[in-house]
Amino acid sequence: MTNLRPLFVALLLCAPLLALSPAAEAQKRERAGAAGKTAEGEAAAVGGSAATGPAGGKRARIGGAASDGEGNVRGGSAAAGQTAAGGTAARAGRFQKNADGSFNRSGGAAGTSAAGGSGYTQGNVSGDGQGNLRGQRNTELQGAGGGRFSGNTTAASGEGLQHTGSATAASGASTESQVDASREEGVSRNRTCYNAQGEQVPCR
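This note's numbering puts the last residue of the sequence shown at 250; the count rises by one with no breaks.
Hints are computed from structural coordinates only; laboratory data are not their basis.
Ideal placement from N, C-alpha and C gives every residue a C-beta, glycine not left out.
You may find that some hints are simply not true.
Said to hold, decoys possible - Here are the in silico distance ranges between beta carbons for each label pair:
(1) Pro100 to Ala227: 22 to 28 Å
(2) Ser196 to Ser172: 21 to 27 Å
(3) Gly218 to Arg180: 32 to 38 Å
(4) Gln142 to Ala242: 45 to 51 Å
Full structure from sequences and hints, please.
Structural data, given as structure tokens:
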């Protein structure tokens, strides 16, 4: 019986390193995988790959899943990459589906451009198996020129959707917004704008 948990964890933790590894550079493409049983007796499989493009870009991907044969499944995946110009990106996610129909998924991604911009987003969604869902997402963006954006969205069955966001230009002018939506109340939107001195001004 092969315990795949250490391999699965190692692959998840090492995805960014695989993307930049000298081996990937030398071989252009590498793959690895395994299948067997976890310590808990679940059937499982994991796999990963790393590659280098002709222009020098690099990437790596890994993933795995395990099932107990009774309707319960869990797994995850991750990827990372770097462009020849120096931009980078990475993502990771995991999921669990239970025999009673309930589930949970979560994940995130981040990246930077060669020019210096960056971004990050993470979120999750879950269900109770009875048709009720709940989810959330956060996003942060930073422009190479100094502008930035921040947003948060949540939604749930019976509760509607709520979104808040703020954006700031490189000049310092900014906007804050809020959206609330529900079946009972409809949709409401609020927006407030400020100039570079922090004074409230009419929104255009």
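How the hints compare with the structure:
Checking the proposed 22 to 28 Å range against Pro100 and Ala227 shows it is violated: the Cβ atoms sit about 48 Å from each other. One distance hint, 21 to 27 Å for the beta-carbon pair Ser196 and Ser172, holds here, with the actual separation near 24 Å. Taking 32 to 38 Å as the suggested C-beta distance range, the pair Gly218 and Arg180 conforms, at roughly 37 Å. The hint said 45 to 51 Å for the Cβ distance between Gln142 and Ala242, and at roughly 47 Å that hint holds.
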